[in-house]
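Chain residues, written in single-letter form:
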Amino acid sequence: MERIFPARKPMDPKVFRRARPVRNPIVVAEAGEDGVIRLRANVAETSVGLKARLARFGRPLTKTFELEEIGASIWAMCDGEHTVEGIARSLRERYKLNRIEAETALGSFLHTLAQRRLITMLVPEVHASKRR
Amino acid sequence: MAELARFGWYGFVVEHPSDWAPASLIGSRDAGYVRLASTGRIALQIRWTKAKRAPNLSDRLGGYFRSLARDAKKARVDFHKETKDGDRGTEYRWIGAGQGRGTVFHCAESARVFFVEVAGGRKDNLLAPLRRALDSFRSTPETPELWSLFDLAVLLPGRPRLTKRTLHSGKVWFAWEDRGIRIEAGRWSFAEQLVARHGLEPWARAALGFPNGEATVEQNLVRLRESSRFRPREALVRYDVAANRLITLSVRTRDPQRRPNWDWLA
Numbered sequence: 001m002e003r004i005f006p007a008r009k010p011m012d013p014k015v016f017r018r019a020r021p022v023r024n025p026i027v028v029a030e031a032g033e034d035g036v037i038r039l040r041a042n043v044a045e046t047s048v049g050l051k052a053r054l055a056r057f058g059r060p061l062t063k064t065f066e067l068e069e070i071g072a073s074i075w076a077m078c079d080g081e082h083t084v085e086g087i088a089r090s091l092r093e094r095y096k097l098n099r100i101e102a103e104t105a106l107g108s109f110l111h112t113l114a115q116r117r118l119i120t121m122l123v124p125e126v127h128a129s130k131r132r
Numbered sequence: 001m002a003e004l005a006r007f008g009w010y011g012f013v014v015e016h017p018s019d020w021a022p023a024s025l026i027g028s029r030d031a032g033y034v035r036l037a038s039t040g041r042i043a044l045q046i047r048w049t050k051a052k053r054a055p056n057l058s059d060r061l062g063g064y065f066r067s068l069a070r071d072a073k074k075a076r077v078d079f080h081k082e083t084k085d086g087d088r089g090t091e092y093r094w095i096g097a098g099q100g101r102g103t104v105f106h107c108a109e110s111a112r113v114f115f116v117e118v119a120g121g122r123k124d125n126l127l128a129p130l131r132r133a134l135d136s137f138r139s140t141p142e143t144p145e146l147w148s149l150f151d152l153a154v155l156l157p158g159r160p161r162l163t164k165r166t167l168h169s170g171k172v173w174f175a176w177e178d179r180g181i182r183i184e185a186g187r188w189s190f191a192e193q194l195v196a197r198h199g200l201e202p203w204a205r206a207a208l209g210f211p212n213g214e215a216t217v218e219q220n221l222v223r224l225r226e227s228s229r230f231r232p233r234e235a236l237v238r239y240d241v242a243a244n245r246l247i248t249l250s251v252r253t254r255d256p257q258r259r260p261n262w263d264w265l266a
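Chains H and U, in that order, give the protein sequences.
Counting with the numbering used here, you get residues 1 to 132 for the letters of the first sequence.
Counting with the numbering used here, you get residues 1 to 266 for the letters of the second sequence.
Worth flagging that the hints you see were computed from the coordinates, not collected in a lab.
It should be emphasised that the depicted structure is a prediction, and the values quoted were computed from it without experimental measurement.
Note that CB positions come from ideal geometry on N, CA and C, so glycine has one too.
There could be a bad hint or two in this list.
Stated by the list, open to error - Examples of chain U residues lying across from chain H (beta carbon under 10 Å, computed):
#, residue
1, ASP19
2, TRP20
3, ALA21
4, SER24
5, ALA37
6, THR39
7, PHE150
8, ASP151
9, ALA153
10, PRO157
11, GLY158
As the list claims (entries may be wrong) - For lysine-lysine, the following DSBU-like pairs were computed, each having C-alpha atoms within a straight-line distance of at most 35 Å:
#, chain 1, residue 1, chain 2, residue 2
12, U, LYS73, U, LYS123
13, U, LYS123, U, LYS164
14, U, LYS164, H, LYS9
15, H, LYS63, U, LYS123
16, U, LYS81, H, LYS96
17, U, LYS164, H, LYS96
18, U, LYS164, U, LYS52
19, U, LYS74, H, LYS14
20, H, LYS63, U, LYS171
21, U, LYS123, H, LYS96
22, H, LYS14, H, LYS96
23, H, LYS14, U, LYS52
24, U, LYS50, H, LYS14
Chain U with its partners taken away, still in its complex shape (with noise of 0.2 Å):
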């Protein structure tokens, strides 16, 4: 069975085989979309928009059938779907210029409504993925909040807002924003070479922006803790020897409680 990782993504967490990867990422916690591809056609697609009270999920439904029948139309081939009722909401199936399966629900806890469905060829097989999705899929409003994508885990306090983001091959970084904090996350590959050739404690300097302040090194993890008297700023950087990788987390805020620990690196 292939090893799986942990896709978290705005209060919802889903599990995924190592090699997919998100291929898109859209949207807020109110409404978006996201994308996860494997090596061939098969994906895992999870669309969410904001709905407090129970929708009629056939009318949900229905507008993206619509949509679906549309693309199939301009591709030129027929359109088919079915839907049932299943455990968690209502299941549904669609064959045109692809094939779908997937399941539409209400979240009463996080106040969403979910699409999880699995996409691919017309002779795909789409079951099996989709039940490893739906049995993995959580949405919950608890804090702190694990976001998990591209081999980067955080849990971060409160319901931050992504604001910036930056995936490129080598390293990938997020900052978040919530009330009166400020949330900086990175994944460094090449952890190994970077190490060997700067020094752990110098790079963190360098790569996450502190000349001075105040360093604790102990074996492969660095607190740097810069003070001001406005906005003080604390940054942890673990350097994982077996996986490669440099994590950076670093956090801007007055707020004492929510200075930054290693239980945030998850």
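Isolated chain H (complex conformation) (with noise of 0.2 Å):
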């Protein structure tokens, strides 16, 4: 059988390096102690359904991740302005790490926060025109 939607590519790793993540406009960010900040993101805005049933069912309306140093430094350069490749070479000078150890750390941690939707990718325009 044909599949309605094909299945979901896996980012090439050179246009990934090349991406620039940019932050969720509805997540607010609120600095705490020890450089870690809090994000907190108000779900009920994505959906009005979804806010009905979070109500119905005594949820919370928003949502709270706690980010550490490091993690937070990373998110404040996800502002669609850094790429990929300027944000690990910017952890490396930093934190004195070696290339692969912070290509994979950065990619892992900037996938959390994209499965959370706490952050979207801007892909270059060459592969934007390529998916097309």
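The task is to assemble the complex, starting from two chains supplied on their own in separate frames and drawing on the hints.
And the structure:
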């Protein structure tokens, strides 16, 4: 049977390095102690139906995530200006990591943020046009 | 010129640009394969097999070329190969789905045949990285033996066998065994943050599993000792401030001659 939606392919590492992570505008960041930041996302803003369901079951309308110092420094660079490669370079310089280590840790962290819809990735135009 | 790093594995050592990293580590002392990848397509590949006597290198190369030719056929590209005798062994070059240049030679001291090859795309210049690799390549049966990768370098006595490894970002850890000795070595990143949060000695005790035991602390060095009638254990921890790393070495042995000292952390 033919698939209606084609299987999602993993992003080419070269394209991923040039992608620019950008924060979800509905997420509010609050500074805590020791460089920690707390991210508050109003999940109800994403859907009226979800808001009603959460209210019905007495669930909180916001989700909170806590990022420690290193995560917070990455979060600060998710501004749509810095590329993944640039953020990795900055991590390497600041924490004296080797290349593979910085790229792997950053990739995994950004993947987690994206899964939780706290960020999205702006991919380079070349890649976007190829996918169309 | 790019900064160089040493890679030491099962008795051989080779230098590579510091931004290259091990991408594949397979095998044992008798036979294995290692691939050190650059940020681009170029990679240094080292294969070795046991050979007490000098084998016919052309035969060894023939088998290798046949597998490359099969790959080229699958990729529907032509396959070309060249070989010539060099100072060290037989030099070769192949062009197929990609390109490779290397040398195959027999090392009598370690009784192994090595293929040292730089592979890349069809248009990459491979000669300079191959020369650098061959010039720096050493394989000797000397002890202590250097094990060096991912910013962890240790000099270990005897001919230890690697039994376990953990390659995580932020933590690299290996365990070796030899007759009557078990050695573990690790490299931890984010040292400044770990030490600021936990303190050096409490961190070392927790990370290496020394809840009790005697501790000697000197500035950025910690020595932990746990007396046991059967297998006493001793550990060394070095906080490298400049590199923001913690290097740990833990040894379990009854042999007093093989107690670890700071020279083991190369």
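Okay, the hints, checked on the actual structure:
no.: 1; hint: ASP19; result: holds, 5 Å
no.: 2; hint: TRP20; result: holds, 9 Å
no.: 3; hint: ALA21; result: holds, 4 Å
no.: 4; hint: SER24; result: violated, 12 Å
no.: 5; hint: ALA37; result: holds, 9 Å
no.: 6; hint: THR39; result: holds, 7 Å
no.: 7; hint: PHE150; result: holds, 7 Å
no.: 8; hint: ASP151; result: holds, 6 Å
no.: 9; hint: ALA153; result: violated, 13 Å
no.: 10; hint: PRO157; result: violated, 27 Å
no.: 11; hint: GLY158; result: violated, 28 Å
no.: 12; hint: U:LYS73 x U:LYS123; result: holds, 19 Å
no.: 13; hint: U:LYS123 x U:LYS164; result: violated, 39 Å
no.: 14; hint: U:LYS164 x H:LYS9; result: holds, 33 Å
no.: 15; hint: H:LYS63 x U:LYS123; result: violated, 52 Å
no.: 16; hint: U:LYS81 x H:LYS96; result: violated, 42 Å
no.: 17; hint: U:LYS164 x H:LYS96; result: holds, 26 Å
no.: 18; hint: U:LYS164 x U:LYS52; result: holds, 28 Å
no.: 19; hint: U:LYS74 x H:LYS14; result: holds, 25 Å
no.: 20; hint: H:LYS63 x U:LYS171; result: holds, 31 Å
no.: 21; hint: U:LYS123 x H:LYS96; result: holds, 33 Å
no.: 22; hint: H:LYS14 x H:LYS96; result: holds, 23 Å
no.: 23; hint: H:LYS14 x U:LYS52; result: violated, 44 Å
no.: 24; hint: U:LYS50 x H:LYS14; result: violated, 38 Å
When the structure is compared with the earlier hints, violations turn up for hints 4, 9, 10, 11, 13, 15, 16, 23, 24 and for no others.
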